[in-house]
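J.: Listed here are the chains, written in short residue letters.
There are 4 protein chains.
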Amino acid sequence: MDKVKVGVAGYGTIGQRLADGVALQGDMELVGVADLAPTLSIRALKERGMPYDLYLVEGAERAQFDALDIPVAGSFDGLIGKVDIMLDSSPGGVGLKNKTLYEQKGVKAIFQGGEKNEVADVFFHGYANYEKGLGANYLKLTSCNTTGLIRTVDCLDRECGGLRKVAITIIRRVADPGDYHRGLTNALKIDKAPSHQAVDLMTIMPHVEATGILVHTPVTHGHIITVLASGKHKISKDMALEAFARQPRTRIVSIDEGFLGNASLFRYARDLGNPRGDMYEVALWSDSIVESGDDIMYAISIPQEAVTIPETMDGIRAAMRMQATREEGTQATNKYLGIGKWRK
Amino acid sequence: MDKVKVGVAGYGTIGQRLADGVALQGDMELVGVADLAPTLSIRALKERGMPYDLYLVEGAERAQFDALDIPVAGSFDGLIGKVDIMLDSSPGGVGLKNKTLYEQKGVKAIFQGGEKNEVADVFFHGYANYEKGLGANYLKLTSCNTTGLIRTVDCLDRECGGLRKVAITIIRRVADPGDYHRGLTNALKIDKAPSHQAVDLMTIMPHVEATGILVHTPVTHGHIITVLASGKHKISKDMALEAFARQPRTRIVSIDEGFLGNASLFRYARDLGNPRGDMYEVALWSDSIVESGDDIMYAISIPQEAVTIPETMDGIRAAMRMQATREEGTQATNKYLGIGKWRK
Amino acid sequence: MDKVKVGVAGYGTIGQRLADGVALQGDMELVGVADLAPTLSIRALKERGMPYDLYLVEGAERAQFDALDIPVAGSFDGLIGKVDIMLDSSPGGVGLKNKTLYEQKGVKAIFQGGEKNEVADVFFHGYANYEKGLGANYLKLTSCNTTGLIRTVDCLDRECGGLRKVAITIIRRVADPGDYHRGLTNALKIDKAPSHQAVDLMTIMPHVEATGILVHTPVTHGHIITVLASGKHKISKDMALEAFARQPRTRIVSIDEGFLGNASLFRYARDLGNPRGDMYEVALWSDSIVESGDDIMYAISIPQEAVTIPETMDGIRAAMRMQATREEGTQATNKYLGIGKWRK
Amino acid sequence: MDKVKVGVAGYGTIGQRLADGVALQGDMELVGVADLAPTLSIRALKERGMPYDLYLVEGAERAQFDALDIPVAGSFDGLIGKVDIMLDSSPGGVGLKNKTLYEQKGVKAIFQGGEKNEVADVFFHGYANYEKGLGANYLKLTSCNTTGLIRTVDCLDRECGGLRKVAITIIRRVADPGDYHRGLTNALKIDKAPSHQAVDLMTIMPHVEATGILVHTPVTHGHIITVLASGKHKISKDMALEAFARQPRTRIVSIDEGFLGNASLFRYARDLGNPRGDMYEVALWSDSIVESGDDIMYAISIPQEAVTIPETMDGIRAAMRMQATREEGTQATNKYLGIGKWRK
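In the order they appear, the protein sequences are chains A, B, C and D.
Take the first sequence: its position 36, counting from 1, is numbered 36 in our numbering, and each next residue is one higher.
Take the second sequence: its position 188, counting from 1, is numbered 188 in our numbering, and each next residue is one higher.
Take the third sequence: its position 298, counting from 1, is numbered 298 in our numbering, and each next residue is one higher.
Take the fourth sequence: its position 97, counting from 1, is numbered 97 in our numbering, and each next residue is one higher.
Hint data in this document are derived by calculation from the structure and do not stem from the laboratory.
Among the clues, some could well be false.
Same chains, same label: a pair holds when it works inside one copy or across any pair of copies.
What the hints assert, rightly or not - PhoX-like, lysine-lysine: derived pairs with alpha carbons at most 20 Å apart: (1) K192 with K237; (2) K341 with K46; (3) K232 with K82; (4) K232 with K165; (5) K237 with K165; (6) K108 with K97; (7) K237 with K99; (8) K5 with K165; (9) K234 with K165.
Whole structure, please, built from the sequences with the hints as guidance.
T.: This is how it looks when you write it as structure tokens:
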């Protein structure tokens, strides 16, 4: 079978990781990436020797790139013309504009969480509704928090006899490492409830009632979410632990091992020598799991920069009908990304 | 009636505020404060002109104080001999040692949350179990988080037909403003669950099952707690709001008014010209309240430096039998501290 | 002599403190403050019982204030008509617009550092160029960093035989306590050199060559500046210490006393019970002073919220010719603000 | 020529990078690394498939490693017996104890900056005093700040006619990314002057007078240092820029390119796909360079985790007499580490 040809629009924090992710899939080919200006990320691409071809979107000034000796492979239109599917990680709102171009060329696309739901036919999560994405032209991924959250909620739902409702508290980082665009200094900031992540979860898993409160906190190394899940039947700590152990993209860690918080996970990913110090798995603390009556409470950590990459690969597989089922699709992604290698 | 004579041991973050609190009670007299070394707080007391008499605990070097022209009124023993009740806010563990001195002199004492429960006869909260403290010799206050949390949980329990269980997420500051002793930089840190605050809540309110997860966050302006409360009957958002409006030490705020997070509360208290920029009330965001099935979820902010002062005043009232009931005791405290003035 | 009548435009972080400062001057009368919207600061003014009359600037919606039972004394025009001089701490740029109103009414005004220099006749500092402000109609204050910096540089210049040049490094806070408008998380940010504070210093003290580098740091409790000062003759550590000891708005502190950094100063000001936890003095660490060849190096901490208040009071004194000399003007300000009380 | 056999003691933040650095040197062989406990870094080594052999130091509990299926190659003694030279990055103080073992086996060693100077025969910097290290048995590296600082100061000293003195301001991070051991929240902390880095610089470059002030700041992504350098003759901005351009381990960056601060450098290193997101070069902002009379002022950023790796490799080359001169030694290190590839 021919490899599926993939392009990436927007070579920023997410776009770089999407490109790296596609490059690792044995059954896909990364045709190139597109961007507007010689950002630090593009300068780094140049310094790395241009492992990916660069295309320029409309509005880019070619002279800026020439002045820096950054090779340009062509225009955004040219890139779209060469691919089967685009991964769009442009700044929020631009994806919707790009969609017109994709439609003109008859190219499928997957949008990231920053776009409005209306941009896509299906709001997608590899584990929760893979089948809905089969053959779809336009998918939208859940945001980083929702993607990681649903991995664990979908897992409990399937493995523990069905869930009725969840109530979440999201303690979210306000900036990525190296980010100067947003900030918060010595302050917690609260959003109006319910948080959009809870609402989004209900869109993907309509049979579960969800609500929650989100608090911004001045850190950069990932979000922590606490989840209170109410099942149709009592869920014990042991039941939950066994269920989570079967979720490939959920890494079970503990304070005793030395995982003291979100920053330990970032350090560990760097110590692993992972590219960019990234981690695809959410971490779930075994020593955070407690029973609350018949309900179960636990905490996870979300590596916000990389967590949506696997589900986006799942999305390509579904949209292109590369694998027909949730199990096959996610397993193929996991294999190529090396997810689960840590398990004995 | 003679004023009740009160002393304060340990003139640190809490001790200063206890002294200020007692000085405001029209039916109490602050005899003096005791400490060990010429800390910044003691130097500030000197610069203020010694509004409170200073006594030295064992181990203090008198010459250090003399060299700085800081007047000394006597020894710790001397202070104990002049009071009816001591408020002990010494560093953790010292209170237990001091207790021997209190017992020798037949003086009552109230210990802060840093001491072990065993130090006291009663683990006390002004609203939740005032009557248990009546006439007791040794009380221990709940910690700052637990004190503020119980205000709202006790309120729902009394006003909404009884609670069955609560599940909390504590997002706690790691240092006070101006604190160099503890810290955390760009990292969230998680504790083993359940958090001690949930366990403490059950000690004070044994009929409510409580559990929770605590996450440390690198900020200084107070904790934020989210609470998921399950009643014996459904609790609607309106029911909860009406109940909270009747809790005098709970200030209802909203994001729309400009209270964006814990730091807004600190700023507001400074704008009010409150001494030290302190606030006695917990803040409860009306726009954080959401229903989760029959349960109710909400978020509060805890001003960690001052929140336990009113309940400590309540404790004096109970231990000294100044007022016989929860209503009378807490109302007297509120009147002298000016709590509730903001209400129309 | 009649008291000088003063109004304040803009009741934000600086405006509140200007109002408090004027209220403390025995020879001035605070007529009122003006603002646009019921901010948290205005709500706090209401909760305090309206110690200052409130006037509304153009564009304010009276109904918003009425709905909150906030008394309004009149319009901005009305306020201007009642005063001799306005202190303008409006958001940057608005002061220039307001100036037209002041000119129409023949009212003097002092603008804060956020306005462009062109707004005023004189760029003013109470210690460095008081005489230039005598009788002037429009003064502009130096910014918080420059105000504090000049106190120490002017002092060395006068007391140590004249300065040739200074090179400064400014480590600046990015937000005030309680500020959600600006931020920076886990990052230092550098500005293009030279910093405007160095340039401003040369405008005020044209005989001293100044340059410097500014680095933003994610803290809220004040700036720290290191200064390398080159005199016409060698300046020893002892000479510098003796000079600084004669600068009334410079508080000499040390690490040994417990002043570990900028946050210690904030804590100390709160411990002093100062309104809002403010401090007017810059702090200068005696144990930071080191000799570099014939030059002298030292570090100061700038309490950014309150530091410009005394020099603004000086400005009123100069513009209104209340005192004829630098010595008399600054001494009057210091007396009313209680500056220097800490000295033995 | 046989490859030089190298071992690493202490597989923490620095030890991991030393091991990686040695593994990249074509003329060295990494025999193995030694540590005490199954830390996160050791667990990551296991998950990576044990690219480096692990030896256990005295006090390690073998059973802990067996329980985690972590292969152990032997004892610390065994490792020492197989190498020509040890790189010791043990916790401060342990290196001195280890030195006895090295002496017994007649093995050379290089200690990191945390050890006291007395541990070594020579206090070493690859560019400033390579020749002093030739054939030495025990070297001690300068600390991260001093290492990066000396690169630029030595460069100016050699290229601009000699330096007389430098005055530095160090704005230092308090923790590494992922570090929970140290912290500081919303506070700057100042050390007694002069900073040890200035003193250390004079030890390495005794002909230059150095002093400075150090301020701790709550960030994790590297230190920023401002330097005021006084030459024997005037140093202009152009002279400085040309000099720095010839320093291979100093990367010239600018705010206009997008390097806004220390965090931009960390992000860029991650974007480059560098292992662990590390960077060996210090960054020097071209738009920070300003003239102060005849002196020159500039700012650099220090990547604290990796900056000492190249100079440690230089140290091996000097101690083992692999290259006889500063130029040859540092060039060999640079070639193997890929330093300078970014230059056109």
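J.: All the hints need checking, so say for each whether the structure fits it.
T.: Now for the hints, and whether the structure bears them out:
1. K192 with K237: Cα proximity of K192 and K237: across copies only (14 Å, versus 31 Å in one copy).
2. K341 with K46: Between copies only: 11 Å across chains, 32 Å inside a chain, cut-off 20 Å.
3. K232 with K82: neither (49 Å within a copy, 62 Å between copies)
4. K232 with K165: For K232 and K165, the Cα distance is within 20 Å both inside one copy (9 Å) and across copies (18 Å).
5. K237 with K165: both (17 Å within a copy, 17 Å between copies)
6. K108 with K97: Cα proximity of K108 and K97: one copy only (14 Å, versus 54 Å across).
7. K237 with K99: neither (45 Å within a copy, 41 Å between copies)
8. K5 with K165: Neither: 40 Å inside a chain and 54 Å across chains, both beyond 20 Å.
9. K234 with K165: Classified as both; 13 Å inside a copy, 15 Å across copies.
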